[in-house]
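Protein chains: 2
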Amino acid sequence: MTGTPDLLAEDLHGAARDPALGAIGFLNEVMSRYPEAISFAPGAPHPEFMRDIDTRALTDRFVDHLVAERGFTPDAAQRALYEYGPAQGLINDLVAEALGTDQGIRADPREIVITVGAQEALLLALRSLYPRSGGDDLFAIADPCYAGITGAARLLDIPVVPLREGESGLDLDHLAARCREAREQGRRIRACYVAPDFSNPGGARMPLAARHALLDLAEREDLLLVEDNAYGFTAPEDDGLPCLKALDRHRRVVHVGTFAKVGFPGARVGYAVADQRVQNGAEQRTLAEELAVLKTMTTVNTPPLAQAVIGGLLLEHGRSLTALGRPKAQRYRRNLDHLLEALDKHLGDDLPPGITVQRPAGGFFVRIDLPVPADLALLEVSAAEHGVLWTPMSQFSLTDRCDRQLRLSCSYLDPDQIEQGVKRLAAFLREEAVA
Amino acid sequence: MTGTPDLLAEDLHGAARDPALGAIGFLNEVMSRYPEAISFAPGAPHPEFMRDIDTRALTDRFVDHLVAERGFTPDAAQRALYEYGPAQGLINDLVAEALGTDQGIRADPREIVITVGAQEALLLALRSLYPRSGGDDLFAIADPCYAGITGAARLLDIPVVPLREGESGLDLDHLAARCREAREQGRRIRACYVAPDFSNPGGARMPLAARHALLDLAEREDLLLVEDNAYGFTAPEDDGLPCLKALDRHRRVVHVGTFAKVGFPGARVGYAVADQRVQNGAEQRTLAEELAVLKTMTTVNTPPLAQAVIGGLLLEHGRSLTALGRPKAQRYRRNLDHLLEALDKHLGDDLPPGITVQRPAGGFFVRIDLPVPADLALLEVSAAEHGVLWTPMSQFSLTDRCDRQLRLSCSYLDPDQIEQGVKRLAAFLREEAVA
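Chains as they are written, first to last, in this note's numbering: chain A, 1 to 435; chain B, 436 to 870.
Don't take each hint at face value.
One side of the interface only, derived from the structure: several residues of chain B facing chain A at Cβ under 7 Å [what the hints assert, rightly or not]:
(1) H481
(2) P482
(3) G552
Stretch by stretch, here's where chain B covers chain A in the computed footprint (C-beta under 8 Å, at least three residues) [to be verified]:
(4) 233-246
(5) 296-305
These aren't lab readings, by the way, just hints derived from the structure by calculation. Note that the Cβ used here is the ideal one computed from N, Cα and C, for glycine as well.
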């Protein structure tokens, strides 16, 4: 496309020109140039779960539920699929029940808002909590961090404070120090984004004591915690930890979830549990109700067609997120085991100097630390010479902290691809990742 | 809900406390208190169109299209329903074709972004065009105006300039004067929202000459026009006017459309045609591509399940929005005729002094001017004493210009309800709307 431009990029909102987006573009472009390469880059769900979803049967099941348990007439239940629906959502009761059963989160349907994926839930929560765009209030995030949350903050011009993250998650001392610093400057950290279970991309998991300590810190520093629970379902079944919201005695946590992984991404159904009481003159309402009002200005309501399919999935799995996610969790744990075993086998005994491999207990991602920059130039070499792709961790970072790290994702590959890919990766690391 | 609050409304984003929202809440509450009242308030589609939508057959039809014309393998086409999809959309080709056939809009799929309803399209367009929240650039809108656009502007803290609207739409002299005023203050009106066909709630329609004049004004004043075309399909078939985008020789128009009326609202599928060339360093891309990047930060992508059903509807109707919307347009025109005839019959010969009735040629809405304030107190009287409901026009207004106007909607009623409702309305107007 050439010719006289109508608009200059610098006159448009800068979120569309975030450097990370350029890196994603480059990554996609490398993938398209090396179609034979095995790619550990995309964190997409496994394709086997993207088939044989009987949306008609699931929808019918949900319609029956509306009639049997929610007092809809058969005609009104059918129409609910096609009409505008309540901004706050149509499946809040089922989500509330599942969160209670599976995760020990006691939430009333009024304390939940159903959103177009977790992304919209994050956007709405930030919009509500940061009323003045470009204002003084700061938003703390782990660094590296999921691009969706930095993107949402960027879109709303909310200033972000990157925090260190270790194997046991967010560095709480760092968070406390940054809270103090902000106060000294007459500002405050209003909220902190945290993914306690197998964070994307860092793969960190917070131990139970750290979860309690974070909640205490939030209470002490008057922070709200925006918890993202996308990968919690991949924890080993005998080693589950309560999410922050289940431990939250002071309503400090806005809990964000998604059906993209336990269900399927194309539904674009997520939710926020926001039970905070908002005082509005003489009246109180929940923060979820507040977010639902804002939602009328972003997407009006989440497509009832999509909510019905997700509602049907919950009903079909005993109203349990755990049951719904179990076959997927098993597949992802197997894949992660394969990946870690293959790394042991092909790299383990003579790990090149300066290379370390993280060993997460769940999630989609494994981090490898290199003695050299894991940049786009190195990725190009990896693709061209060794036929294997990965994601530079720097793509998820606002600092230079992750410049020598790469992220491997194993979610959408099969065991033989993982084995073959790690073989190539090992050769690449031995030959190219040398200080 | 009572008890110690966790948050104060004044510390959260004010968009959730817009006065218009309070009025909507009151209106809903009145409707629930008077369930026997006939309501001319909601602008919802007629329920007869919310039945017997065979989503399975429509989805299958779209999957076949992906295979036959888009080069998908059968497996990839199935998976496209359930996976994340392209942020820019999955049905852009069909929408482009339909807009070309039906509305004379020549758009490439790259110049279109598919969104979660028209609402997200408006939000993304505003976000891109107003890079500095609370900045100096102004956004002009007709007053009264569709609440979705004022809501989106409010959510992004974009200052709004209300413009007068007459029977022939936006007052162009007023717009030119406000552009001058803004310039004199060192500011500018960056964009103007306009619904040229049967605007909601005003019911105005711009004649062809006014459309050309508006485009000329936009070119002269360096404005972008955000065109909302939700009601254009209701124009009489022998009296269609080209939309602004079809007349747009200088890429001044971002054209926003929705399938909520020609299809069904629960799909939550809309689109923006944004063919503007954006210069970004050495590269050019379309504004639609720019909006798609921002969309990764709001909803990631529009649910493929919903896009597939809409794609199927287009395929089933010869890839024509006009064909898809025809039975609906006929129903709405009949309803409007019924409404206007009933108003003539029950009010016509002895219209109380100071009352005038607008006579739009299409759309969902009729405006009535009263000699007294059409406020919530009068609405309460109308409901309690006369069993008929309507919407105070002031709910859609940022000024006091509409305080003595009410809006009647006829879209979701049946002829006998319209007849009966107008009878009640006539009695109400004669008895209560007296200066």
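Checked hints:
no.	hint	result
1	H481	violated, 11 Å
2	P482	holds, 6 Å
3	G552	holds, 5 Å
4	233-246	violated (count 0)
5	296-305	holds (count 10)
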